[in-house]
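Visitor: Residue numbers (the working numbering), protein chains in the order written: chain L, 1 to 329; chain C, 330 to 726.
The set of hints was computed from the structure by calculation and includes no laboratory data. It should be emphasised that the depicted structure is a prediction, and the values quoted were computed from it without experimental measurement. Fair warning: there could be bad hints in the mix.
Said to hold, decoys possible - Cross-link-like lysine-lysine pairs, in silico, DSSO-like; alpha carbons within 30 Å at most:
1. 320(L) - 485(C)
2. 323(L) - 714(C)
3. 251(L) - 454(C)
4. 565(C) - 254(L)
5. 255(L) - 478(C)
6. 485(C) - 255(L)
7. 463(C) - 254(L)
8. 478(C) - 323(L)
9. 251(L) - 463(C)
10. 358(C) - 323(L)
11. 478(C) - 251(L)
12. 320(L) - 463(C)
13. 463(C) - 227(L)
14. 255(L) - 345(C)
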Amino acid sequence: MGEVREITFVEALNEALMQEMERDPNVIVMGEDVGVYGGIFGVTKGLLQKFGPDRVIDTPISEAGFIGAAVGAAAAGLRPVVELMFVDFFGVCMDQIYNQAAKMRYMFGGKIKIPVTIRTTIGGGLSAAAQHSQVLYSIFAHVPGLKVVVPSTPYDAKGLLITAIRDDNPKIFFEHKLLYGVRGPVPKEPYTIPFGVADVKMEGSDVTVVAVAYMVHEALKAANELKKEGISVEVIDPRTLVPFDKEAVIKSVKKTGRLVVVDEDYDRCGFASWVAAIVADECFGYLDAPIKRVTTPTVPIPFSPVLEKEILPNAEKIIKAVKEVVRKA
Amino acid sequence: MVVEVRMPKLGLTMTKGVVKKWLKNEGDKVSKGEPLLVIETEKITANVEAPTSGYLLKIVAPVGTTVPVGGVVAFIGELGEAVPEVITQPQPTRPVERVVPEAPTPPPPPTRVRATPRARMIAEKEGIDLSLIKGSGPGGLIVEEDVIKYLEEVRKKTKTGLRVREVIPLTSLRMTIAERMTESLRIMAQVTICREEVVDNVVKIREELLPLIEKEVGIRLTYTPILIKLVAEVLKEFPIINSTLEDNMIKVIDEINIGFAVAVDHGLVVPVVKEADKKSLKEVVIICNELTRKAREGRLSIEDVSGGTFTITNLGMYGIDAFTPIINPPQIAILGVGRFVQKPVVQEGRVNIATVCTFSLTFDHRVVDGHTAAQFLDKLVSLIKDESRLRAVLSVK
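Isolated chain L (complex conformation) (with noise of 0.2 Å):
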């Protein structure tokens, strides 16, 4: 695949995006700061240089307007890269996206393409309190007519906003922001992955370990303490939770018996729980023990980062309920 460099997740989404702009001149960017500034998180650094204000737009504090502008511009055949700064703002402009966004191909008999790609952050862990650090994701994922991407490396994060860039439909694309920082191998030339279909981040036979996004690295922490212990743990990262790729989980509990999801969203009718159900549903007679969910109590994310830490799971917690359907000494 020529040269892979290291970088980081977020050079791996700047370079996603410099590259589909380059191919196809109809990927637009939209969005709060992601002209002028580069993004918040420096995502589109660079972009408003290259390729000038006509296709990189530096929008107002508006997100009803432009996230509604940008599912326009998809119907009238652009392919818009819109920035939702915080997925905790969503509520301001959730009509555009799951009535208008979602619906359209829909009740139009397909008649018309959506290609827009909503890209937003998530996640706690930086103490900014009850309004930016949600996840959220299970909202979307809980309606019809939307994809759902959370990557967790920056190999997966280039390869899936392409795919997602290239694709007809819309997607909300979840970027955690503590894995902004993180490096990892990615190839410089553009390349997809395609939507639901898992990766196996560590194999183990012992418990199957669910978990998407920053909580990818919890896991992977975690089974690296298990192993010394004797516990072999397998990681599997759906990397979209629309479509998902339940068998490759169905799979993997085959052989291990046991499920633990993780899962940074709100317990409550959330992500885990649906995973929890599908396994418990279609490979019943292959469980050993009773599915555990890791995942973040139903509550507002505290600002105090001794009880955000105490509430968000992590290592520790994946730790302790691996052990609990494991029961190894």
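Dock chain C against the given chain L, drawing on the hints supplied.
Guide: Using the frame of chain L, we list chain C on its own:
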């Protein structure tokens, strides 16, 4: 003092007795140990002695009454003494022996084995009874590891501690055979009688029919269809053997359906020729051939193996002379056929070489007695000896 006379318990299985005869009348003087009445149980007739001396004040159970063990049949006391109005029923110390009909006690609810789905899946696959396993999970929950550990343990040694070389799981066919054979011996009183007889006529007629049958239906004639025809013919004269015992009723069956045992991979199946007595030899040959082929190919339907009223089993091809076949329930008899072997036999005062065969008939002694079974074998042998009748039964016309 008034003393009760009770129905005695004369054997482990006795639950009740019938009053057959009173040896004393009310008002008679009796001495302790003197025979008082005669009772009859399912097995024996016995005298009941007076438990004390005095006068037979009252007979509570007249002749013909069935009284549970421990139940009062009479009172003995001094003249003028009052007899209790209410009759005490069987002594409560022996509640098991009560025979008052009651609704059957429902079986205790099965203790639910707590096991993970995965443990259950493996147990089912390996044919393991989970209730034999001690769970190591929370609250005794059986997990996969427990099942695997158990599997390893039970497969290494026998219960008596002997080393095991190989474990062969019981196939469902073997399990069915095991169950049916054990059940057969458990419920029936089986007796086997054997008789050796010259079968030259059968050999001769078979050799004559062989090319004819081969030409007509393209099947090589074996002794199986011949024996089926002969047995069916004899059964017509012995309907009592073509029967089944159900709920204390011998039900004589209206059709003669002969099953014949066929060895298959690791087991045995018994396809049935329905109404063999009404079919010609040729028809029986065709049916036997088809059933045998289906048996070997494992394609027998439930229909093919159901409804048998009598079974023939042949071990002659393995050089066996006589054996004790086990009845295929709910039938009540089975005929074992030994090898056809040449032997010196005495015929009309001279020693000749003849082909002989030993027939082993197992019958259910609950339904018929030895003499009926012996007569049945005798009729079979007579038929074999009577060449013209034999030819009539085995006619291919």
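Visitor: Compare the structure with each hint and give your call.
Guide: Hint check results:
About 36 Å separates the Cα atoms of residue 320(L) and residue 485(C), which puts this hinted pair outside 30 Å; it is violated. Straight-line distance between C-alpha atoms of residue 323(L) and residue 714(C) comes to about 82 Å, which puts the hinted pair past the 30 Å bound. Restraint check: the Cα-Cα separation between residue 251(L) and residue 454(C) comes to about 19 Å, which is no more than 30 Å; the hinted pair holds. At roughly 61 Å between alpha-carbon atoms, residue 565(C) and residue 254(L) are farther apart than 30 Å, so this suggested pair is violated.
Among the hinted pairs, residue 255(L) with residue 478(C) is consistent with the structure: their alpha-carbon atoms are about 18 Å apart, no more than 30 Å. Between the alpha carbons of residue 485(C) and residue 255(L) the distance comes to roughly 26 Å, so the proposed pair stays at or under 30 Å and holds. The straight-line distance between the Cα atoms of residue 463(C) and residue 254(L) is roughly 24 Å, inside the 30 Å bound, and the hint therefore holds. Between residue 478(C) and residue 323(L) the alpha-carbon distance is near 20 Å, which keeps this suggested pair within the 30 Å criterion.
Of the supplied pair hints, the one linking residue 251(L) and residue 463(C) holds, its CA atoms being roughly 29 Å apart against a limit of 30 Å. Between the alpha carbons of residue 358(C) and residue 323(L) the distance comes to roughly 86 Å, so the proposed pair goes past 30 Å and is violated. With a CA separation close to 24 Å, the supplied pair residue 478(C) and residue 251(L) stays within the 30 Å bound. The hinted pair formed by residue 320(L) and residue 463(C) meets the criterion: a straight-line CA distance of about 26 Å does not exceed 30 Å.
A distance of roughly 28 Å separates the Cα atoms of residue 463(C) and residue 227(L); the hinted pair therefore holds under the 30 Å criterion. The straight-line distance between the Cα atoms of residue 255(L) and residue 345(C) is roughly 62 Å, outside the 30 Å bound, and the hint therefore fails.
Of the numbered hints stated above, those contradicted by the structure are hints 1, 2, 4, 10 and 14, listed in ascending order.
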